[in-house]
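If you're matching them up, the sequences are chains C and Z in order.
Reading the first sequence from the start, the letters are residues 1 to 230 in the numbering used here.
Reading the second sequence from the start, the letters are residues 231 to 337 in the numbering used here.
To be clear, the hints were calculated from the coordinates, so they are not data collected in a lab.
One or more of the hints may lead you astray.
[Unchecked claim] Derived CB-CB ranges, DEER-like:
{"hint": "1", "chain 1": "Z", "residue 1": "Tyr234", "chain 2": "C", "residue 2": "Ala186", "range": "43 to 53 Å"}
{"hint": "2", "chain 1": "Z", "residue 1": "Ser232", "chain 2": "C", "residue 2": "Ala63", "range": "15 to 25 Å"}
{"hint": "3", "chain 1": "C", "residue 1": "Leu14", "chain 2": "Z", "residue 2": "Arg313", "range": "16 to 26 Å"}
{"hint": "4", "chain 1": "Z", "residue 1": "Asn265", "chain 2": "C", "residue 2": "Ala124", "range": "23 to 33 Å"}
{"hint": "5", "chain 1": "C", "residue 1": "Ile155", "chain 2": "Z", "residue 2": "Tyr234", "range": "22 to 32 Å"}
{"hint": "6", "chain 1": "C", "residue 1": "Gly152", "chain 2": "Z", "residue 2": "Ala261", "range": "47 to 57 Å"}
{"hint": "7", "chain 1": "Z", "residue 1": "Glu260", "chain 2": "C", "residue 2": "Glu121", "range": "19 to 29 Å"}
{"hint": "8", "chain 1": "Z", "residue 1": "Val246", "chain 2": "C", "residue 2": "Ala33", "range": "23 to 33 Å"}
[Said to hold, decoys possible] Covered stretches of chain C (in silico footprint by chain Z; criterion: 3 or more residues with CB under 8 Å from a CB of chain Z, positions within the stretch not fixed):
{"hint": "9", "segment": "62-73"}
{"hint": "10", "segment": "77-87"}
{"hint": "11", "segment": "97-106"}
{"hint": "12", "segment": "111-124"}
{"hint": "13", "segment": "178-185"}
{"hint": "14", "segment": "213-221"}
Built from N, CA and C at the ideal position, the CB exists for glycine as well.
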Amino acid sequence: MTRPRLDAARQQALSVSLATGAYGLSFGALSVAAGLDVWQTCALSLLVFSGGSQFAFIGVIGAGGSPFSAVATSTFLGLRNGFYGVGLAPVLRPMRGWRRSAAAQVTIDESTAVALAQPAEDRAARRAGFWWTGVGVFVAWNAITLLGALLGSRIGDPADWGLDAAAAAAFLALVWPRLAHRRAQAVAAASCVLALALTPLVPAGLPVLAAAAVAIVAGWGHPRPEEVPE
Amino acid sequence: MSAYAWMWVAIVAAGVLSWATKLAGHSVPEAWLENPRVHRIAAFVTVALLSALVGVQTFATGRTLVVDARLAAVAVAAVLLWRRAPFIVVVAVAAGVAAGLRALGWG
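Bound-form chain C, shown alone (with noise of 0.2 Å):
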């Protein structure tokens, strides 16, 4: 029972691992065109390892503005993930030391998605989601956000592949299995729509943050238990 599970898990893992890692060529080629240099672009990928936040730092940067509103723009970006760690209490709990603060650097979208979408009753299969993607993600990302930075302008645009699509579609596939009963749909369709009507009207990363209210609303009153998505 328990073996099928893992290997879903890591199989999981590691596609999310190389579609999330191809991302990384685009942002070295965008980090360097922004007028980073080789060096900077890597140790945005293997320190800040958020794409959001990257993208949105060097966006700043090449745009002009200041390396303080850089860090400004992506520490803002990257809040959601503090929201991840509490969401993975129960799966990577109890964590102490190294442990936790390795956890704590591969908690990204990716990692928490591929961790949740394992069956809530196989912990170890969580586990073994939320570790594989975090280090998968982890090595690809950093490994191919070098090879980005020094191929630089020469690389296609991501599009072209339809990895901007295959992002949104593996997260859709991700939270899908969460979304088997009633209330969680209407969290998920609440946030949406939430999120979209944002989206024009306030700064990235604000309209994903701002889903965290629906889920206050949802989780505040009385649900029956097996409306809650473990």
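Based on the hints, put chain Z in the right spot on chain C.
Showing chain Z alone in chain C's frame:
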């Protein structure tokens, strides 16, 4: 300090703040999480954030909403998920649909 050195300061600061944000979530006291309300909200938060992400990744280009090849790809992905297709098939077909439509000059 040179502009180059300040850039390094900014990169390290962004890295430390990113890591601290992530660590904060993993360090929320156990006692808080035992509160059933906090527990329920934490369970819904991941569904909410990831669903919002799907919406933004499907429709947003910067701060404008556009309907393009991504929507067709995600719609095909949804049908495949409903038909219980394997994960890798869903992702690969979505990429193929978007790439194919763009190669034809649509979206």
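Now for the hints, and whether the structure bears them out:
no.: 1; hint: Z:Tyr234 / C:Ala186: 43 to 53 Å; verdict: holds (51 Å)
no.: 2; hint: Z:Ser232 / C:Ala63: 15 to 25 Å; verdict: holds (21 Å)
no.: 3; hint: C:Leu14 / Z:Arg313: 16 to 26 Å; verdict: holds (23 Å)
no.: 4; hint: Z:Asn265 / C:Ala124: 23 to 33 Å; verdict: holds (27 Å)
no.: 5; hint: C:Ile155 / Z:Tyr234: 22 to 32 Å; verdict: holds (25 Å)
no.: 6; hint: C:Gly152 / Z:Ala261: 47 to 57 Å; verdict: holds (51 Å)
no.: 7; hint: Z:Glu260 / C:Glu121: 19 to 29 Å; verdict: holds (21 Å)
no.: 8; hint: Z:Val246 / C:Ala33: 23 to 33 Å; verdict: holds (26 Å)
no.: 9; hint: 62-73; verdict: holds (count 4)
no.: 10; hint: 77-87; verdict: holds (count 10)
no.: 11; hint: 97-106; verdict: holds (count 5)
no.: 12; hint: 111-124; verdict: holds (count 3)
no.: 13; hint: 178-185; verdict: holds (count 3)
no.: 14; hint: 213-221; verdict: holds (count 6)
Of the numbered hints listed earlier, not one is contradicted by the structure.
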